[in-house]
Amino acid sequence: MKRLAVVVFCTCFLITLIPFWIVVLTLVYREDRAFPILKQERVGKGKIPFYCYKIRTMRVDTAEVASHEATSDQITKIGRVLRKTGLDEVPQIMNVLLGQMSFVGPRPCLRSQTTLIAARDAENVYDVLPGVTGLAQIQGIDMSDPEKLALIDGEYVRRKSMALDLKIIWATLRGKGSGDAIKLKV
Numbered sequence: 001m002k003r004l005a006v007v008v009f010c011t012c013f014l015i016t017l018i019p020f021w022i023v024v025l026t027l028v029y030r031e032d033r034a035f036p037i038l039k040q041e042r043v044g045k046g047k048i049p050f051y052c053y054k055i056r057t058m059r060v061d062t063a064e065v066a067s068h069e070a071t072s073d074q075i076t077k078i079g080r081v082l083r084k085t086g087l088d089e090v091p092q093i094m095n096v097l098l099g100q101m102s103f104v105g106p107r108p109c110l111r112s113q114t115t116l117i118a119a120r121d122a123e124n125v126y127d128v129l130p131g132v133t134g135l136a137q138i139q140g141i142d143m144s145d146p147e148k149l150a151l152i153d154g155e156y157v158r159r160k161s162m163a164l165d166l167k168i169i170w171a172t173l174r175g176k177g178s179g180d181a182i183k184l185k186v
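Heads up: the sequence shown begins at 1 in the working numbering, then just goes up one per residue.
Wrong hints could be hidden among the right ones.
Listed next, the in silico DSS-like pairs over lysine-lysine satisfying Cα-Cα at most 25 Å (straight line) [what the hints assert, rightly or not]:
1. LYS167 x LYS148
2. LYS160 x LYS47
3. LYS45 x LYS167
4. LYS160 x LYS176
5. LYS167 x LYS2
6. LYS167 x LYS84
Okay, the calculated beta carbon distance ranges per label pair [stated by the list, open to error]:
7. ILE37 x LEU173: 18 to 28 Å
8. GLY140 x GLN74: 21 to 31 Å
9. LEU164 x TYR29: 36 to 46 Å
10. ILE15 x GLN40: 21 to 31 Å
No lab work stands behind these hints, which were simulated from the structure alone. The beta-carbon is built from N, C-alpha and C at its ideal position, and this holds for glycine as well.
Please work from the sequences and hints to get the whole structure.
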């Protein structure tokens with residue numbers, strides 16, 4: 001029943017956002033003439049890799065690295081707005097629809113982030129689906145501190161409940177944890 005509710009919600013959400021998709025994807029494409037949806041291989045539940053979808057916010061020639069390893073000059077103009085508001089994450093609703101992610105859970109990392117993967121493994125983080133938002137994000141903890149992130153992700157796994165998920169979603173909607181690990185030049 002829960003899965004059916006998620007499928008219905010995600011489908012309605014994606015359809016409702018058609019005007020958003022048209023405008024944003026056109027702006028992203030016009031900036032540097034590249035496909036506006038990015039798919040990156042990430043580590044999922046059970047450490048099974050999957051493709052995570054995002055709106056492309058960095059120049060096409062940017063190497064695939066974690067946000068905290070990128071520089072602000074690699075971000076496109078529209079990408080700055082999308083990253084600041086978190087709108088670049090909206091395509092992950094497709095990952096939720098496909099059952100690869102949940103709305104709430106530890107944020108999925110790149111396969112190259114081996115220190116984080118090992119630290120999360122010790123905390124049983126891969127026992128749950130990764131999320132679009134999570135406990136660490138609303139606390140402002142990003143992937144630049146793998147040990148601290150793994151501890152908070154492990155805490156989420158141990159405390160996981162509908163009440164905690166709703167608290168995290170509410171905090172995310174209020175703007176907690178929004179922003180970017182990349183220091184943007186003004």
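Checked hints:
1. Distance check on the hinted pair: LYS167 and LYS148 sit about 21 Å apart at the alpha-carbon level, within 25 Å; holds.
2. Distance restraint check for LYS160 and LYS47: the Cα-Cα separation of roughly 19 Å lies within the 25 Å cut-off, and the hinted pair is therefore satisfied.
3. Proximity of LYS45 to LYS167 is assessed by CA-CA distance (about 22 Å); at most 25 Å being required, the pair is judged to hold.
4. Taking the CA atoms of LYS160 and LYS176, the gap is near 19 Å; set against the 25 Å cutoff, the hint holds.
5. A C-alpha spacing of about 18 Å is found between LYS167 and LYS2, which places the hinted pair at or below 25 Å, so the restraint holds.
6. Note on LYS167 and LYS84: the hinted pairing holds, with a Cα-Cα distance of about 21 Å set against a maximum of 25 Å.
7. Against the hinted window of 18 to 28 Å, the Cβ-Cβ separation of ILE37 and LEU173 comes to about 24 Å, which satisfies the hint.
8. For GLY140 and GLN74, the hinted distance range of 21 to 31 Å is satisfied, since their beta carbons lie about 22 Å from each other.
9. Between LEU164 and TYR29 the C-beta distance comes to about 38 Å, which sits within the given range of 36 to 46 Å.
10. In this structure the supplied range 21 to 31 Å holds for ILE15 paired with GLN40, their Cβ-Cβ distance being about 25 Å.
Comparing the model with each numbered hint stated earlier shows that all of them hold.
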